[in-house]
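Asker: Given next are the chains, with one letter for each unit.
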Amino acid sequence: MTDAVPLSWVLGLSGALFCIGLFAALARRNLVGVLMGVELMLNAAIINMVAFWRYLEPRFITGQNFAIFIIAVAAAEAAVGLAMIIAIYRNWQTVKADEVDSLKG
Amino acid sequence: MEQIQIPPVDLAVVAPLITVVGWAIVLLLVDVFFVPAGQKRITGYLGIAGLVMAGAVAAPLWGSDSSTFGGMLVLDNFALALTWIFLLIGAISMVIALDYLPRQGIEQGEFYPLIMFAVSAMMLLGQSANLIVMFLGIELLSITLYILTGFAYPRLSSEEAAMKYLLLGAFAAGFFVYGIALIYGQTGTVQLFSTAPGQESLAEYLGRQTFAAVDLTLLLVGSGLVLVAFGFKVALVPFHMWTPDVYEGAPTPVTAFMSVGTKGAALAALLRLLDMALPSLQPIWLPVLATLAAVTMLLGNLGAIAQSNVKRMLAYSSIGHAGYLLLGVMTVSERGVQGFLFYLLAYSLTNLGAFAVLIALEQRGEAAWSLDDFAGLWQRQPFLALAMAVFMLSLAGVPPTAGFVGKFYVFMAAWEGGLGWLALVGMLTSAIAAFFYLRVIARMFMQEPVRDVQPQLFRGLTLGISIAAAGTLIFGILPTLLINVVQQTALAVGR
Chain A
1 MTDAVPLSWV LGLSGALFCI GLFAALARRN LVGVLMGVEL MLNAAIINMV
51 AFWRYLEPRF ITGQNFAIFI IAVAAAEAAV GLAMIIAIYR NWQTVKADEV
101 DSLKG
Chain B
1001 MEQIQIPPVD LAVVAPLITV VGWAIVLLLV DVFFVPAGQK RITGYLGIAG
1051 LVMAGAVAAP LWGSDSSTFG GMLVLDNFAL ALTWIFLLIG AISMVIALDY
1101 LPRQGIEQGE FYPLIMFAVS AMMLLGQSAN LIVMFLGIEL LSITLYILTG
1151 FAYPRLSSEE AAMKYLLLGA FAAGFFVYGI ALIYGQTGTV QLFSTAPGQE
1201 SLAEYLGRQT FAAVDLTLLL VGSGLVLVAF GFKVALVPFH MWTPDVYEGA
1251 PTPVTAFMSV GTKGAALAAL LRLLDMALPS LQPIWLPVLA TLAAVTMLLG
1301 NLGAIAQSNV KRMLAYSSIG HAGYLLLGVM TVSERGVQGF LFYLLAYSLT
1351 NLGAFAVLIA LEQRGEAAWS LDDFAGLWQR QPFLALAMAV FMLSLAGVPP
1401 TAGFVGKFYV FMAAWEGGLG WLALVGMLTS AIAAFFYLRV IARMFMQEPV
1451 RDVQPQLFRG LTLGISIAAA GTLIFGILPT LLINVVQQTA LAVGR
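Chains as they are written, first to last, in our numbering: chain A, 1 to 105; chain B, 1001 to 1495.
Chain B with its partners taken away, still in its complex shape:
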C-alpha cells in the first residue's frame, strides 16, 4: 500500500481566510453562551473586529505570489485586493445591520457569523485556482446567503425569496458540477493553471494541443454549463429572473451585501477561469460573453425604468452593473483586470450606501421604498438626501464620483480589447440608466413630501452611509489613489 503524500502547507497563503473562518466559528459559540438576548449587537461589534483583524493579517502579504495545497489556492495581489474589498463589504453590511435587526424584530446573533462565513467564501473564490475549490466557495457562499435571505422569518416575502433563491441556486449548482465533470473528462484535471513546473492544468492542456488536432467537445460543453451556473450566480440576463424577487424579499442589509459581494466573488472566479485557464479559447467564448454582457446591460437598465419601488429598481440596476463588470472580465488584459477591480470597489461602496439609505426609510412592518416616499426627503433629512444623491450620481456614472471613473476604466478596457461596439452599448445604456437614477434625485429635491415617512438615522447607519459616500467621492475626485493600487495587481493574464 502506497503512502499518500501530503504536500507541505503554507499557512501564510490562507492566513486571512483562516482568521475569518476561525473567528466566525468561535463567534458563533460566544454568541450562544455569553451574549445575552437583546444585546446581540455585541456580536456584531465582535464580528466587525474580526473582519478588521483579517484585513490587518492580510496587509503584510501584499506583493507575494505563492500557492499552497498543491496549487489549489493561490495568493497574489489580485486575490489580496479582492480580499480587502470583500472584508470592507462585509464590515459595512454588518454596520448597517446593527440597528436594522432589532428594529425589524429579527435580532439573532447568528446573523453576524453568517455574514463572516459568506465573506470567507468570497475570499476563497478570489483565491481559488482549482474548480473543486471554486465549487466549494460558490456553495458555501450560496448556502449562507439562502439562510440570510430567509432571515426575516416569519415575514412571508423573506421566506419566499429564500426558497426561490435556493431552488435556482441549487439548480445552477447542478449545472456547475456537471460542467466540471465534463471538463475533467476531457482534460483529466480540474486545476486552472499550473502553479509548479510539471503540474497538470487546463492552461497546460490547452497549451499542448492545437485546435485542429483534438476534439474539444467535452471541454466546450462543460465550460458552457459552468458559464450558465456563473450566469445564475451573477444574474446575467437570460438567467436573472430570480434577482428582483430575491433582492426585494431579503432583509435590506442582506440585499446590499449580496448585490455587491456575490457578483464580485463569482465574477472574480470567472475571471480566473477565463483569463488564466481558457485564454486560448477566447475566440470561442468571447462572442458568447459579449452578447450576454450587451443583453444584460440593456435589459437590466430597461427593466429598472419600469419600477416605482426603489428597492426593486436597485435590483434591476444591479443586473445592469453585472454587465459592466463583465466588460472588465472578458477582455483578457491587464487593463481589464484593473478596471474590474476599480469598478467593483466603486460599485460596492455606492450600492451599499444606496441600500443603507433604504434602511433608514424602512420602518418596522412597513417598507417605504416607493418613489413617493423619497419625495421631499431633502426637507426632512438633508443628510440622507445628499448621500442618496451622491450614490445615484455614482451609479449613473456622473463625474466626480467613483462610478464615473469605474465606467470609464472598463469601457476603455473594452475599447482597447477590440470590443468598441460593446463600449458603445455600455455608454448608451448608461444614458438610459441616468434617467431613473436622476428621477430619484428630482423627487428628493424638487417635490413636497407625499406620504408621512419618518426616516430614522442611527449611529451605525450614519457611519455606514458616511463611509460609503466619502469613499465614492474620494475615489471619484482622486482616482489615482486607487489606480496606483490596482495597477500593482498585474495578474499574469493570457499565459
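Isolated chain A (complex conformation):
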C-alpha cells in the first residue's frame, strides 16, 4: 500500500483539507459552520499523523496514539461547542456570528 500511494499525495490531501477547514472557520457566518471548519482542521492533522506513522515510523505507535487522543478531544470540544450554540440560540434567536455582538470597545 505504501508503494501504490506516495506519502506526498496523502500530505497533499491533508494540506488541502486543512485549508478548506481554515477557510470555513474564517468565512462562515453560521456558528455551526465555523465549528465544522475547525473539525476539518483537526481531521487534517489526524490524517497527517497517521500517514507519518505508517510511512516513516511504523514500529512506534506514537502517531496512532495521538490520532485517537485528537478524536476524543475533538468530540469533547464539539459537545461543549454545540451546547453553547444552543444556549446562544435561546438568547438571540440566531446563530449568525456577526449578529452576536454585544461586547465592543
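What the hints contain is simulated information worked out from the structure, not anything from laboratory work.
In this text the structure is predicted, and so the values were computed from the model without any measurement.
Think of the CB as a built atom: it goes at the ideal place given N, C-alpha and C, for glycine as much as any other residue.
One should not assume that every hint holds.
[Claimed, not checked] Reference listing, derived: stretches of chain A covered by chain B, where coverage requires no fewer than 3 residues with Cβ under 8 Å from a Cβ of chain B: (1) 27 to 41; (2) 60 to 68; (3) 75 to 84; (4) 90 to 102.
[To be verified] Non-contacting residues of chain B with respect to chain A, defined by C-beta distances greater than 10 Å in every case (computed): (5) L1136; (6) I1143; (7) S1157; (8) K1164; (9) L1167; (10) T1189; (11) E1204; (12) I1477; (13) L1481; (14) N1484; (15) Q1488.
[Claimed, not checked] Label pairs and their in silico Cβ distance ranges: (16) A/P6 <-> B/A1431: 30 to 36 Å; (17) A/P6 <-> B/M1427: 51 to 57 Å; (18) A/S102 <-> B/F1033: 34 to 40 Å; (19) A/A78 <-> B/F1033: 42 to 48 Å; (20) B/A1056 <-> A/P6: 55 to 61 Å; (21) B/Q1447 <-> A/A78: 48 to 54 Å; (22) B/L1457 <-> A/S102: 26 to 32 Å; (23) A/M36 <-> B/L1156: 23 to 29 Å; (24) A/S102 <-> B/L1424: 36 to 42 Å; (25) A/M36 <-> B/V1221: 47 to 53 Å; (26) B/G1063 <-> A/M36: 34 to 40 Å; (27) B/P1287 <-> A/P6: 53 to 59 Å; (28) B/A1056 <-> A/N30: 30 to 36 Å.
Since the structure of chain A is already known, use the hints to place chain B on it.
Answerer: Chain B only, in chain A's frame:
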C-alpha cells in the same frame, strides 16, 4: 503477536495531579448527591481543602528530578513551583467566588470542580515533556474555561464571550495539532527531551544534526504553527483580539483565574518547548518571539489607556503583562526561568487581588466597572481603596511591591541575554502603563464619589484581597524569600 510492554509507573511524580483530579471527580458527585441547593459554598470549602491537600502532597517531592509514563511527565523543582503557584491561583479564585456566585444568582456547585479541573490541566502543562501531553493539557484547560466563561448563563455577555473564546480556542487547537503532526513528520518523535539514555526526542534529534546537513522545513513550519496556537492561548499581540471581550463577558472570578492561570500554564509549556527541546534553533525563533513580545507590550499597554471600563482596562493590561512574562521565557537562561517564575507569582497575586476589588464593586444585575465608580472609593471603603492602590502600583511596577521586583528580574534576564533593546521597550511601556494605573489611584483618593455605588465586602472576598495584598507587599519588601526558592528551580535549560 508481540506483547505491548507497559512501562513502570512512578506514582509519586503524578501524586499532586492525581490528588486534584481525583478530588474534583469525587467532589462533583458529592455536590450532586449530598450538598443541598443554596448551600453550594460547602462545595467551595471542600474544593479549597482539596487544593490545600494537593499542595501538602507536593511538599515532600521538592528537590526530586524524576519522570514517568515513559518520560512523558516530569517532576522537577520548576514543575513543583508552578504546581504551587497554580494551586494558590485556584484557591484564591474559589475564595473570591464564594460570595460572588450567590450574589449573581448563578450559584451552581460544579463551578468549584471545574476550577479544580482547570488547575489540574495547568499542573499537567507544567509537568509535560511531550507534545501529546501538552496538547491534552491545553485542551483540558481550554474546555473547562469555555464552560466557566459561559457560567453566568443566561447573561448575554457571558454566553457571547464563551462562544468567542470557544471558536478562537478551537481554531488555535487546529493549528496546534497540525503543527505537532508536522514536527512528528520531520523528527519521528513528539518527546521534547530525553529523560532516559537512548530515548528519542526533539532535543536529541537536533543535537545529532547540523543545520546545513538537514532540511528542517517541516520542523520549522510545525513549530511556527505551534507558536501561533500558544499566541492565541497566551494572548500575544497579533492573536489577542478575543481577550478584552472574553475577559469582560466572563464572570469576574473566572476572568481573574484565567488572566493569570492560562497565561502562566501556557507560557510554562512554551518555556519547556523552547528552552529544553529547541534551544539549538534559538537563532531562528528568537527574533520572532522578541518582535512578538515588543509588539505585545506596546499594544497591550496602549490599548489599556483608551479604556474607561476598568475590567476591560485590566484585560488589556494582562495582554501587556504576557509580553513581560515572555521576556523570561525566551532568554534560555537560568535567570530567565527564575524571572519568569517570580514574575508569574507576583503578577498572579496582584491581578487576582485587582479583580477581587472589582467583584466587591459589582452588584447584581449592574456592573460598576467604570472609572467613575472608583471615584471617592477612599471615603466609602478605605480598605478596598488601599488594597486597589497596592495592586495598581504593583501592576505598574512601582517599588516596594512584588511587581517591581518581578519586572526588574525579567528585564535583567533580557539584558543579560543580549536583548537590551527589548528590556528598554519593557521599561518604556511600563512608564506608559503607569499612566492608566495611577489614574485609577487618583480617582479613588482625590475625587468625590460620582455615582452611588455601594461596595460590598464579604468574608471570603476580604480574605482573598488581604492574602493578595499581603503577598504583593511581602514579596516586594523581602523578595529574597521568594528568590531563594526560585533559585532552586535551576532548570537544565539549553542542553
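Asker: So, against the hints stated earlier in the document, which numbers end up violated here?
Answerer: 5, 6, 7, 8, 9, 10, 16, 19, 25, 26, 27 and 28
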